[in-house]
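Residues per chain, in single letters:
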Amino acid sequence: MVEKEMKFETALAKLEEIVDMLESGDIGLDESLKHYEDGMKLLKYCTAKLDEVEKKIEILVKDKSGKVTGSKPFKNDEEQDKLL
Amino acid sequence: MQTPRVLTVSEITKQIKGLIQQFDSVWIEGEISNFVPHSSGHMYFSLKDEKSVIRAVFFKNANQYLKFKLQDGLKVVVHGNIDLYEKSGQYQIIIDNMEPKGLGMLQLHFEQLKEQLRKEGLFDRERKRVLPVLPRKIGVVTSPTGAVIRDILNVLQRRFSNVHVVLNPVKVQGEGAAEEVAEAINYMSREGSFEVLIVGRGGGSLEDLWAFNEEIVARAIYASTIPVISAVGHEIDYTIADFVADVRAPTPSAAAELVIEKKTDFIEKLRAYEVRLKNDLTNKYQTYKEKLDWIRRSGLAMGLKRTLEIFKERVANAAKSPAFLRPKEKLSQLKQEVDESESKLGRAIKHLLENRRNEVKVLSGKVESLNPLKILDRGYSVTLKLPEKKIVKNALELKKNDEIELKFAKGTTNAIVK
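Line by line, the protein sequences are chains A and B. The numbering used here numbers the first residue of the first sequence as 1 and each following residue consecutively. The numbering used here numbers the first residue of the second sequence as 1001 and each following residue consecutively.
Do not rely on the hints blindly, as some may be mistaken.
[Said to hold, decoys possible] In silico EDC-like links for lysine to aspartate or glutamate, alpha-carbon gap of 16 Å or less:
id	chain 1	residue 1	chain 2	residue 2
1	B	Lys1262	A	Glu9
2	B	Lys1263	A	Glu5
3	B	Lys1278	A	Glu37
4	B	Lys1114	B	Glu1215
5	B	Lys1137	A	Glu58
6	A	Lys49	B	Glu1261
7	A	Lys49	B	Glu1031
8	A	Lys34	A	Glu17
9	A	Lys49	B	Glu1268
10	B	Lys1263	A	Glu17
11	B	Lys1278	A	Glu17
12	B	Lys1291	B	Glu1342
13	B	Lys1289	B	Asp1339
14	B	Lys1137	A	Glu52
15	B	Lys1335	A	Asp20
16	B	Lys1171	A	Asp63
17	B	Lys1119	B	Glu1215
18	B	Lys1278	A	Asp38
19	A	Lys62	B	Glu1191
20	B	Lys1289	A	Asp30
21	B	Lys1075	B	Glu1031
22	B	Lys1407	B	Glu1359
23	B	Lys1137	A	Asp51
24	B	Lys1278	A	Asp51
25	B	Lys1418	B	Glu1403
26	B	Lys1263	A	Asp51
27	A	Lys44	B	Glu1274
28	B	Lys1278	A	Glu23
29	A	Lys14	B	Glu1274
30	B	Lys1344	B	Glu1309
31	B	Lys1278	A	Asp20
32	A	Lys62	B	Glu1179
33	B	Lys1278	A	Glu52
34	A	Lys7	A	Glu37
35	B	Lys1335	B	Glu1313
36	B	Lys1385	B	Glu1403
37	B	Lys1262	A	Asp51
38	A	Lys67	B	Glu1261
What the hints contain is simulated information worked out from the structure, not anything from laboratory work.
Could you put the whole structure together from the sequences, leaning on the hints where they help?
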């Protein structure tokens, strides 16, 4: 049900679908259980995705001709302005 | 008599040309008319005012830097040298520089470029892309100094603590700014790992914002493979970059808000789904539990035992399902109840049958004792008046010589009344 690189919004949409299906009431106990399991898996996936990205604020470094040569951490405060 | 000197046309023309060329270079102000663009790239037209007209030529090597398009009626200020074109006998100004007068050059350029790009479809709604819900890498193209990047980063970090943001620092005004901005957008788009871009700068005059009205920036935004949010100037400023962008933000902070939802909002949303999931499943169990209670209560239904068996099977299978928390306990509880109900039911049926049997026994005993023929066993007889065979209950019904039949426990006999 959950592919490795599923996008967050895709997982969220599938979760909405499952909850709607369970609430529509017309399915048996076995099917309900399967939907519940899938739903919980997607929920876990989405929650994990929120913490997936590591906090990182960077600025690109360019050479004299304007070509990007790399990146370095960017400090978001007055000090940065003074340095530049 | 002296014959007057006769000149050729060329000779007189040459003399006039010499005179004309003595003019210094001039600045002239006038209105364009008879404008005819040539495929060669040279421009030929007239400059006029209310009373006079002067021919003008604007050669390609001079006009290629022109930042706006020429058309009849446009009021311009031109610089150049006056000369005479012998072939036509016309004097003309050879223009080396031109600026629009009245409507500012910048404003004119803005209007013309906007119209051109709109016609090409760069502003079309259909082509604007949806922003990603949870962007893993956010790019920003703006000046590394100043309030814009600070505001963006502050708002981003407040909303979502763990974000990955990369700033591509650029000049945002002055010579070469448009080229730098365009190149930065191209780079971020090509790089491949960015999911969304914020492109912008702080407030300022039309000249200050000018880079974001340049064609090169507009085309870079259009060509970008990732969605672009424009955040240029103040809320009231609209640049061409704003029209081409996928989303326009009125301020840099607004751009940061558009880029990602608050983390707490995401968590809320997910929690709400969890509650709904668990409630839905609990409701399903309730439904099945009620069905079970009904079965219990309704007693001797046909095939009851079979229904119970099927249900028991399903509950047993459901209990084998792995990913459970509390629902598992509810299931085994349910399973137990089914078993109990089954045996209770069995006992109840048995009990009921026994009761019924006893009742029948007692009742048939009572019925038997009421049987009239049983009375005869005790010695009584039944008298029937002949020929009707009517039962006689009153002696006064009988007269002398009436024929009667007497019924005994065993056998019958006839008699005559005395």
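Evaluation of the provided hints:
Distance restraint check for Lys1262 (chain B) and Glu9 (chain A): the Cα-Cα separation of roughly 15 Å lies within the 16 Å cut-off, and the hinted pair is therefore satisfied. This hinted pair does not check out: Lys1263 (chain B) and Glu5 (chain A) have alpha carbons roughly 21 Å apart, beyond 16 Å. Taken as a hint, the Lys1278 (chain B) and Glu37 (chain A) pair is honoured in the structure, with Cα atoms around 10 Å apart against an allowance of 16 Å. This hinted pair checks out: Lys1114 (chain B) and Glu1215 (chain B) have alpha carbons roughly 9 Å apart, not beyond 16 Å.
The hinted pair formed by Lys1137 (chain B) and Glu58 (chain A) meets the criterion: a straight-line CA distance of about 11 Å does not exceed 16 Å. Among the hinted pairs, Lys49 (chain A) with Glu1261 (chain B) is consistent with the structure: their alpha-carbon atoms are about 14 Å apart, no more than 16 Å. Between the alpha carbons of Lys49 (chain A) and Glu1031 (chain B) the distance comes to roughly 64 Å, so the proposed pair goes past 16 Å and is violated. For the suggested pair Lys34 (chain A) and Glu17 (chain A), the alpha carbons sit about 14 Å apart, so the restraint of at most 16 Å is met.
Under the criterion of a C-alpha separation no larger than 16 Å, the hint pairing Lys49 (chain A) with Glu1268 (chain B) is consistent with the structure, at around 15 Å. Note on Lys1263 (chain B) and Glu17 (chain A): the hinted pairing is violated, with a Cα-Cα distance of about 22 Å set against a maximum of 16 Å. A threshold of 16 Å between alpha carbons decides the hint, and for Lys1278 (chain B) with Glu17 (chain A) the separation of about 15 Å falls inside it, so the pair holds. Between Lys1291 (chain B) and Glu1342 (chain B), the direct Cα distance comes to roughly 14 Å. Compliance with the 16 Å bound is thereby established for this hinted pair.
Pair hint Lys1289 (chain B) plus Asp1339 (chain B) holds up; C-alpha atoms about 13 Å apart against a cutoff of 16 Å. At roughly 11 Å between alpha-carbon atoms, Lys1137 (chain B) and Glu52 (chain A) fall within 16 Å of each other, so this suggested pair holds. As the CA atoms of Lys1335 (chain B) and Asp20 (chain A) are separated by approximately 28 Å, the hinted pair breaks the 16 Å bound. A C-alpha spacing of about 14 Å is found between Lys1171 (chain B) and Asp63 (chain A), which places the hinted pair at or below 16 Å, so the restraint holds.
A distance of roughly 14 Å separates the Cα atoms of Lys1119 (chain B) and Glu1215 (chain B); the hinted pair therefore holds under the 16 Å criterion. Proposed proximity of Lys1278 (chain B) and Asp38 (chain A) is supported: the alpha carbons are some 12 Å apart, at most 16 Å. At roughly 15 Å between alpha-carbon atoms, Lys62 (chain A) and Glu1191 (chain B) fall within 16 Å of each other, so this suggested pair holds. A C-alpha spacing of about 15 Å is found between Lys1289 (chain B) and Asp30 (chain A), which places the hinted pair at or below 16 Å, so the restraint holds.
Restraint check for Lys1075 (chain B) and Glu1031 (chain B): satisfied, since their Cα atoms lie roughly 4 Å apart, inside the 16 Å limit. Under the criterion of a C-alpha separation no larger than 16 Å, the hint pairing Lys1407 (chain B) with Glu1359 (chain B) is inconsistent with the structure, at around 33 Å. Proposed proximity of Lys1137 (chain B) and Asp51 (chain A) is supported: the alpha carbons are some 13 Å apart, at most 16 Å. Restraint check for Lys1278 (chain B) and Asp51 (chain A): the C-alpha separation of about 24 Å exceeds 16 Å, so the hint is violated.
Annotation: proposed proximity of Lys1418 (chain B) to Glu1403 (chain B) holds, straight-line Cα distance about 10 Å (limit 16 Å). For the proposed pair Lys1263 (chain B) and Asp51 (chain A), the alpha carbon gap of about 10 Å is at most 16 Å, so the pair holds. Annotation: proposed proximity of Lys44 (chain A) to Glu1274 (chain B) holds, straight-line Cα distance about 10 Å (limit 16 Å). Restraint check for Lys1278 (chain B) and Glu23 (chain A): satisfied, since their Cα atoms lie roughly 11 Å apart, inside the 16 Å limit.
In summary, the hint linking Lys14 (chain A) to Glu1274 (chain B) is supported, as the alpha carbons are separated by about 13 Å, within the 16 Å threshold. Proposed proximity of Lys1344 (chain B) and Glu1309 (chain B) is supported: the alpha carbons are some 14 Å apart, at most 16 Å. Taking the CA atoms of Lys1278 (chain B) and Asp20 (chain A), the gap is about 13 Å. The hint holds against a cut of 16 Å. Annotation: proposed proximity of Lys62 (chain A) to Glu1179 (chain B) holds, straight-line Cα distance about 15 Å (limit 16 Å).
This hinted pair does not check out: Lys1278 (chain B) and Glu52 (chain A) have alpha carbons roughly 26 Å apart, beyond 16 Å. For the hint linking Lys7 (chain A) to Glu37 (chain A), the alpha-carbon distance of about 19 Å lies beyond 16 Å, and the restraint is violated. Distance check on the hinted pair: Lys1335 (chain B) and Glu1313 (chain B) sit about 9 Å apart at the alpha-carbon level, within 16 Å; holds. The suggested pairing of Lys1385 (chain B) with Glu1403 (chain B) holds, with an alpha-carbon distance near 7 Å, which does not exceed 16 Å.
Among the hinted pairs, Lys1262 (chain B) with Asp51 (chain A) is consistent with the structure: their alpha-carbon atoms are about 13 Å apart, no more than 16 Å. At most 16 Å may separate the alpha-carbon atoms for a hinted pair to count; Lys67 (chain A) and Glu1261 (chain B) exceed this at roughly 33 Å.
Of the hints listed earlier, those the structure fails to meet are numbers 2, 7, 10, 15, 22, 24, 33, 34 and 38, in rising order.
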